[in-house]
Amino acid sequence: MDSVAPPSPGPGPATSRLRPAPGVGWAVEMHGLLLRGPGGARTIHYPAAAVWDLIARGYSLERVVALTGHIADLDEEGTRALVKEAIREWVAAGYLEEVSGDG
Amino acid sequence: MANLALTASCNRGCGYCFAMNYLESRGGAKAMPLETLERALDFLERSGIGEARLLGGEPTLHPHFEQVVDRALERGFRLLVFTGGLIPARALRKLASLPQERCSLLVNVIPPGEGRTAEHAAQARVFRALGPRVVLGINIARPGTPLDFLVELIDRYGLARSVRLGLAHPVLEGENEFLHPRHYPEVGRRVARFGALAAEHGVELVFDCGWVPCMFPDGAMQALGLGPQEVGLRCNPILDVMPDGEVISCFPLARHAVEVLERYPDAGVLRRAFRERQAGDRAFMLYAHCAGCEHRAAGRCSGGCLAGSLRRVRSTPFTVTLPGGAAPSGAAAGQERGRRSIPLPILHGSPPRGPETGGATCV
Numbered sequence: 007m008d009s010v011a012p013p014s015p016g017p018g019p020a021t022s023r024l025r026p027a028p029g030v031g032w033a034v035e036m037h038g039l040l041l042r043g044p045g046g047a048r049t050i051h052y053p054a055a056a057v058w059d060l061i062a063r064g065y066s067l068e069r070v071v072a073l074t075g076h077i078a079d080l081d082e083e084g085t086r087a088l089v090k091e092a093i094r095e096w097v098a099a100g101y102l103e104e105v106s107g108d109g
Numbered sequence: 629m630a631n632l633a634l635t636a637s638c639n640r641g642c643g644y645c646f647a648m649n650y651l652e653s654r655g656g657a658k659a660m661p662l663e664t665l666e667r668a669l670d671f672l673e674r675s676g677i678g679e680a681r682l683l684g685g686e687p688t689l690h691p692h693f694e695q696v697v698d699r700a701l702e703r704g705f706r707l708l709v710f711t712g713g714l715i716p717a718r719a720l721r722k723l724a725s726l727p728q729e730r731c732s733l734l735v736n737v738i739p740p741g742e743g744r745t746a747e748h749a750a751q752a753r754v755f756r757a758l759g760p761r762v763v764l765g766i767n768i769a770r771p772g773t774p775l776d777f778l779v780e781l782i783d784r785y786g787l788a789r790s791v792r793l794g795l796a797h798p799v800l801e802g803e804n805e806f807l808h809p810r811h812y813p814e815v816g817r818r819v820a821r822f823g824a825l826a827a828e829h830g831v832e833l834v835f836d837c838g839w840v841p842c843m844f845p846d847g848a849m850q851a852l853g854l855g856p857q858e859v860g861l862r863c864n865p866i867l868d869v870m871p872d873g874e875v876i877s878c879f880p881l882a883r884h885a886v887e888v889l890e891r892y893p894d895a896g897v898l899r900r901a902f903r904e905r906q907a908g909d910r911a912f913m914l915y916a917h918c919a920g921c922e923h924r925a926a927g928r929c930s931g932g933c934l935a936g937s938l939r940r941v942r943s944t945p946f947t948v949t950l951p952g953g954a955a956p957s958g959a960a961a962g963q964e965r966g967r968r969s970i971p972l973p974i975l976h977g978s979p980p981r982g983p984e985t986g987g988a989t990c991v
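Line order of the protein sequences matches chains Z and V.
Heads up, the first sequence is in this note's numbering, so the first residue is 7 and it goes up one at a time.
Heads up, the second sequence is in this note's numbering, so the first residue is 629 and it goes up one at a time.
These are calculated hints, taken from the structure and not from any lab test.
Check the hints yourself; a few may be wrong.
[Said to hold, decoys possible] Only some residues are given here: those of chain V computed to face chain Z with a beta carbon under 10 Å: (1) D909; (2) F912; (3) A919; (4) V941; (5) S943.
On a predicted model such as this, the values are computed, not experimentally measured, just so you know.
Positions of the beta carbon are idealized from the N, C-alpha and C atoms, including for glycine.
Bound conformation, chain V alone:
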């Protein structure tokens, strides 16, 4: 799997967006030139990937969207279009003309109470025009993000009986709105309840990256039919190809490393290269308690979204001055030692009692 970011333009303004800040900050092409598209399709082809996944920004805003679609289909790819659902009329007509088995859309739905009336109406037009080609997707940026309405939309418009659930992850070095990991258990409970409703209506739940098993109540993962491959071990380089042909691991880690398609024979090799670069960072996990977690110990969880985990990492420069070598001076320390009312700093976990040495252990 690899995604082609066709354009840096978007007609929505989602606060949690993990793509736009990076796309807008880049120089170079704002829309993928057709020759770059061909190179990207070559890359997919030699990687044995049969699906061209188009995203943005809003991919349907690409000035030659219809040509992009034609070219990908001519070359034998199936299309998956990630869209915010505000699709220009010409692009919508084009998509509606395609055979259902060659093209589907993942529409990032606007929850009730958010967005403008005109935006809801525009999404409704897309649902009516494309019906079962549409899979609804939602990014959960707040613990109270509603879910039940998704089933209602699916029934009302005859959409695909599948919902893709995403967590709004933080962009490393970014400022997007994201779901703080402290809210994960609440979201896990809500998703478990929603799963029961979805099952009653024959709607399948598909989970995007970064979900962790500890967020779900006991038994919920089994009830939802989820294993570690869906929840716990889903944080891998996705490969997002930018409009100018550069490749990133994923948008939340976009500023971590950038590569170019031509340097790699296929997606497998490129993914490995990203994994190797991230290997040192993988020691960090979403929560302080992950280090003692049974799911991690059993290999069922890798510790959540890497970008989320790395936000816990501090690297603020500091200096420490050592008087006369590496030993602190005794006088002041002795005075402090005698003061029993010194407030302790906030530390997570229980410090051991007793003269344990400061030995460090490799992990």
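Same shape as in the complex, but just chain Z:
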């Protein structure tokens, strides 16, 4: 379960790679996912919790969008907005950080 598939390269010219910041940990909870990190611990509710869980399980972003759409019963546009907003928020809160250089 903890094995990580290599990230699938996203199409398009400019890509950025993100990873959990040091010390970040998470556990599945009844209401979603409990995330521990630099900003303390916070609960991420479904369906955003599913986004984190799927990414952490090594699913490609495309697959995450597809699966989250099923989970949340959203159309493609709505799902993409949800995923984008969730990731933006995790970056802003310091749970995800950009991988720089060859890191």
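Following the hints, complete the assembly by docking chain V onto the known chain Z.
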């Protein structure tokens, strides 16, 4: 309360042991030097702790065990010795010579069907020699760990009419045998039955750390006379002093943080320091359903053993690649979206239906 780990040596090989892996992995003194013992006793003294609790490894294997005992008693401490019950003859004679009110032993008993015949015989010698000084303790590592025999042993050898029940907790970052939380309800039912037998025989049950109320059948906690202080809120820094004078919160969390006695005026301050470090981790609890539990909401449970809870935490590194900013590409996603037979990943709980946003809530 604080425990003094006198030695890293042990003459038992319990699969669930949460101490030995850590003790053996440490460099430095394998047996607590007498000058370190004095520093540890100073610490207990200035903390207002009147009981020196000796553990190991097997504390009676300390090469100067008799001196350790004498020194602690001279300084006015009462002794509680945590032992596996395979006590060398000289140490046993020493313990038998002590007044009962100054020393008791918690003997980690070998259940029937486990251990060697010689080990059972050695424990029986200890029971005969020390009688009412002995409190039986058992660590439940399997759902079927027998309990009724404890009452029989107490009656046969005239031991203290008290049994200490421990759960075998996992060592964080360790590989010990432990009772998986999914088996807790079964153990809770067995303990409730055993409690009735113990009560018939006038035997009191004492619960070690990490028990949770949801493992017991309805009404069992009241029948056993248990409140949140005994079951539910018992996961706190114990303070275990290592042979070299370093201090850990408890063995299951040993690799989490290490301190030194001298940096702290007393046990209260040191315990607070450990609590503060663990505060962020306390948000994690034993089960996924703890977040919605009535016992937790009512302040009757803190979520079980912290080491057990933290074993649920994942921190496996991963990377996610974002094409052209933070939005996934549409083409592949659209194709996936059209495939209705995509198996959903296993997720606990019910995902909400509808366009709920991914808002995060501080806890």
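The hints, checked one at a time:
Taken as an interface hint, D909(V) checks out: its beta carbon lies about 7 Å from the nearest beta carbon of chain Z, inside 10 Å. A hinted interface residue such as F912(V) counts as satisfied when its beta carbon comes closer than 10 Å to some beta carbon of chain Z; here the least separation is about 6 Å, so the hint holds. A distance limit of 10 Å between C-beta atoms decides the matter here; for A919(V) the minimum to chain Z is near 5 Å, and the interface restraint holds. Hint on V941(V) holds. Least Cβ distance to chain Z is approximately 4 Å, under the 10 Å limit.
Hint status for S943(V): holds, given a least beta-carbon distance of 4 Å to chain Z, under 10 Å.
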